[in-house]
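Engineer: Protein chains in written order, with my numbering: chain H, 435 to 937; chain S, 23 to 261.
Hint data in this document are derived by calculation from the structure and do not stem from the laboratory.
Cβ coordinates follow ideal geometry from the N, Cα and C atoms, glycine included.
Certain hints may be false.
Sample of chain S residues facing chain H (criterion: CB under 10 Å; computed from the structure) [said to hold, decoys possible]: (1) Phe56; (2) Val78; (3) Trp101; (4) Ile105; (5) Gly155; (6) Glu237; (7) Glu242; (8) Glu245.
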Amino acid sequence: MQLDKVQAEIRPRSPWESVDLGCALTRRYLLDIWKMWALLIWPMWALLAYVLSDWPILIIFIVWWLKPIYDRLPLYILSRAMFDARPTAKQVLLAWPKLVIKRLPFSLLMARFSPGRSLNLPVSELEGLKGTDYRHRVALLERNGGEGASMTTFAGLFLEFIVTGALAAGIMFMLPPTVANELWISIGQLFSEADGIPAEIAWFIVVIQMCAITLLEPFYVGSGFALYLNSRTLTEGWDVELAFRRMSERIHGVVNKSKSSIISLIALGFFLMAGWSTNLSAEEEAYPQAKQAVEQVMEGEEFTIHTRKVRVSQESTSNNADSHDLSWLSGFPNLGWLAKLVEIFIWFLVICVVSWIVYLVSKQLGLLANISSGPNKLERKAVASSVMGMDIRPESMSNDPASEALQAWRDGNTHLALSLLYRGSLMQFVTHRNLPVQSGDTERDCLLKVKSQPELVEREVSYFESLTQMWILEAYAQQQTDSEMVRRLCEAWPFAAVEGGRK
Amino acid sequence: MTDSPPRIDTLQSIELAEGVEIRLRIAGPYVRSFAYAIDLMIQLGIFIGLAMITSVVGIALGQNVGQGVLLLGMFILHWFYQILFEAGKKGASPGKRAMGLRVVDQSGIPISFGQSFLRNMLRGVDALPGFYGIGLFSCFASKKFQRLGDMAANTLVIYERPFTQRVSALPPALEAIAPTMPLEREEQAAILDFKNRAGQWSEARQLELSDHASELTKSEGREGLAKLLAIAKWLNDRK
């Protein structure tokens, strides 16, 4: 066994923690294990089922009893994989016949009912101990983690029960209802009639039990193996050994490195004094000469340290009232004009920011509404071409939306009629009355803006208000609008027909 | 070895904001199912006690009242037993506490009530298709031994107490010797560990182990062992 090749972190663990490590270890090599399991154990079970096909209950019992045989397979794979010697399928196949028959009576009779079976398994299988040696060894190893091993066995039983139940429940879910019903009926007969378990139930349990063992047994073995390793770690100080080995490796590496750096320094010395040919074979001789060479090089022009003293006038520092030593500044030309410039620039920035904020606030409060309603070119540019997804450009509309709406109303399409009227009136407000509508405004916003325009004609405003109410009811509330009202709206169109519209 | 996968371990290391690294020791399916079995027993015990009390109450106040109280108690027991215990100060149900476990957030801090609520409400999913099939599968298959409720609530089940080893130290050396070169933290710990645990190893094993440190002691056999113990004393005194 090569401890430095171990694939898991070796440190002293509590028994339960080692069980967890075993689970993690098994999980890593689970596919290997299951592959070989399917190849080696399932045929065995198939043979067993064939021979004992008349007594399925007996199969359940024997499959359970023979667990130590199956356990050898995951243990073989895990114990080798753990030390970086993951066995190939061929190796496992070759080893298997020997594994099966080795000390069969012992493992099936004496060791079968030991509560710490998982921990003891490696002692008999991997260490190959027998008799008194085996008992001493087991007693020693069980001092660290023996109770953990027996608790794992109980937990393993519990888990096997759980997995069996879960598999049974899962299969019951998947079965067609008629078959499941039959199964339920025969399960019910289990308790009502005393003539034994019906065969189909027994076979069902056989299959589920085999699946459960296949799923769980590798983890149980892995847990036991990890418990065994942990126990040996504690009783033999594996973690200390590994740490010492790593330390030795490190120290060895450091010593080697320092040696090699001395040698490379010497080599450098050679290089610098090319042409200097003396006998420098022995290290003792080389060292002082190399030192000499280094000194010679250090005396060269390139390595001379130049110093320069700078005198600083006392005046400028005396001006400086605060404790910071700013005397170095005196070396610079007077930069007062630059400071003034920067100051002016900063004041300019501040004024810009403040006025911008004032503008934003006043806009928010509507104080600028009067200014923007004037023939302001900038504002005119920003006029929205569509509101709420509706196109309100004059080009997109007919010359006389009122008559078109009336036509739509006559056709029974009140929705179209109202939308034509609404779009038309909005367009009128936006293009001819300079209403500052934006594309994100809602109907309510538009109405508020219309109302807040003092120079709009009273008739238009009240018309728009009733139109908006009708439109909201029609478009959003999906209510049946009063047809007569729509007709009246069409006829009461307050805007004059506009030039520039689409004919 | 360099291109092989990292060594198997069951730790979750977390780097705290201060740059300190802590390690959570995550608990696996075996110990968790054991804890769950204990919880199940406790719940069963409470249920039996409740049933006896309500049958007495039922005689006094009528059978329907007793049955109603029992059903209400069952509901609370089923849904809030785990939630309340895990959201509490100990962060663990009685079964988990018995096994030395507790539930924490992925970052190692205690879980909130919301997390406790979520991870325990999802027991309904983990319990599918009966007998905790999905939860067990997820616990075995996930790297941090989490069931689905744990993943949803971002929680871990960890061991609360660190594992303490049996100490059986060798008699201390008479003189302390400083190591000839600076040692790393793990190496210092290993030397002290050696001194504290060597009493339970045979003498041959002690010599074998101290020989592994011969690069440090520059000597082998008994001399090396004595020197190693002297270094251990130096390390111990300096602390």
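Engineer: Next item in the hint list is S:Glu242. Is there a CB on chain H closer than 10 Å to its CB?
Structural biologist: Hint violated; S:Glu242 Cβ to chain H Cβ min 12 Å, cut 10 Å.
Engineer: Does S:Trp101 hold up as a contact with chain H if the rule is Cβ-Cβ below 10 Å?
Structural biologist: Violated - the Cβ of S:Trp101 stays beyond 10 Å from chain H, reaching only about 21 Å at its closest.
Engineer: Restraint: S:Glu245 near chain H, CB-CB cut 10 Å. Satisfied or not?
Structural biologist: Nearest chain H Cβ about 16 Å off; hint violated.
Engineer: Let's test the interface hint: is any C-beta of chain H closer than 10 Å to that of S:Gly155?
Structural biologist: Hint on S:Gly155: holds, closest Cβ of chain H at ~3 Å, below 10 Å.
Engineer: Checking hints one by one. Is S:Phe56 an interface residue toward chain H, by the C-beta closer than 10 Å rule?
Structural biologist: 5 Å, holds
Engineer: Double-check S:Val78 for me: the hint is only fine if its C-beta lies closer than 10 Å to a C-beta in chain H.
Structural biologist: This hint is violated: S:Val78 lies away from chain H, its Cβ roughly 31 Å from the closest one there, beyond 10 Å.
Engineer: For the hint on S:Glu237, just tell me whether its beta-carbon gets within less than 10 Å of chain H.
Structural biologist: 4 Å, holds
Engineer: Have a go at the S:Ile105 hint: is there a Cβ in chain H nearer than 10 Å to its own Cβ?
Structural biologist: At 22 Å from the nearest chain H Cβ, S:Ile105 fails the 10 Å test, so the hint is violated.
The earlier numbered hints that this structure contradicts are 2, 3, 4, 7 and 8.
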